[in-house]
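K.L.:
Convert by adding 257 to the 1-based position in the sequence shown; the result is the number in this note's numbering.
Read the hints as simulated data drawn from the structure, not as lab findings.
Some hints could be false.
Unchecked claim - For lysine-lysine, the following DSSO-like pairs were computed, each having C-alpha atoms within a straight-line distance of at most 30 Å:
1. Lys-289 x Lys-259
2. Lys-401 x Lys-259
3. Lys-259 x Lys-282
4. Lys-282 x Lys-401
As the list claims (entries may be wrong) - The calculated label-pair distances, taken between Cβ atoms and stated as ranges, are:
5. Met-457 x Asp-337: 29 to 35 Å
6. Ala-339 x Lys-289: 18 to 24 Å
7. Ala-349 x Gln-425: 31 to 37 Å
8. Glu-395 x Arg-455: 23 to 29 Å
9. Arg-297 x Arg-275: 36 to 42 Å
Here a beta-carbon is modelled for each residue, glycine too, at the ideal position from N, C-alpha and C.
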Amino acid sequence: MKLDPFYLIVDRTSWLPRLLPQGVKLVQLRAKDMDEPQLRREIAAARDVCERYGAQLVVNDHWRLAIDERCDFVHLGQEDLAEADVPAIRRAGIRLGISTHDEAELEIALGAQPDYVALGPVYPTILKKMRWEPQGLERVTRWKQRIGDLPLVGIGGLTIERAAGVRQAGADSLAVVTDILLNDNPEMRARDWVVATREMA
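Could you put the whole structure together from the sequences, leaning on the hints where they help?
P.N.:
As structure tokens, then:
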């Protein structure tokens, strides 16, 4: 399986009509602080917008709702992976991505036979408080050597200026949050990311 080289992460479906027209083809919905009915509506709306623009939707954490709403991908952190019914996700035909931060987590992730592995934070990030130090490019390279043909997603503190180095280190796809969502012109920044990553592919 091949992932799009640019992997957008948003916290609300309302971003998608603004950013998907810029050429984004892979997007994760990381929705927090919603009750289940709200989440279900949010995921269903995101699925519909992604279908309209020919983009793949990755649902963060909420694997049961992703199954119910017939989504493309689920992304799980390690704690969520421990509680998830991976066979049920597989039976639903949903692809699986898993976060990793150290060797032990990578072993656990590979045991679940994911469709991609994410490593982060590559650089310092302001998105959330992390108990891990920045991983750096050397670890990106080491992870890629370990997982072989399995797609590797780099995440954490990524900017367009850092993108080429992360790709050269071995990341197949670059996940971006704050560099777009906190930008003065998110639409233009998303378009710039799409162009930059296509040129590196």
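K.L.:
Each hint needs a verdict: does it hold in this structure or not?
P.N.:
Here's how the hints hold up against the structure:
1. Lys-289 x Lys-259: Roughly 28 Å separates the two Cα atoms, so the pair holds.
2. Lys-401 x Lys-259: 14 Å, holds
3. Lys-259 x Lys-282: 12 Å, holds
4. Lys-282 x Lys-401: The given pair, whose Cα atoms are some 23 Å apart, holds under the 30 Å limit.
5. Met-457 x Asp-337: 29 to 35 Å: The hint (29 to 35 Å, Cβ to Cβ) holds, given that Met-457 and Asp-337 are roughly 30 Å apart.
6. Ala-339 x Lys-289: 18 to 24 Å: Check passed, 19 Å falls within 18 to 24 Å.
7. Ala-349 x Gln-425: 31 to 37 Å: 36 Å, holds
8. Glu-395 x Arg-455: 23 to 29 Å: 26 Å, holds
9. Arg-297 x Arg-275: 36 to 42 Å: 22 Å, violated
Checked against the numbered hints given earlier, the structure breaks only hint 9 and satisfies all the rest.
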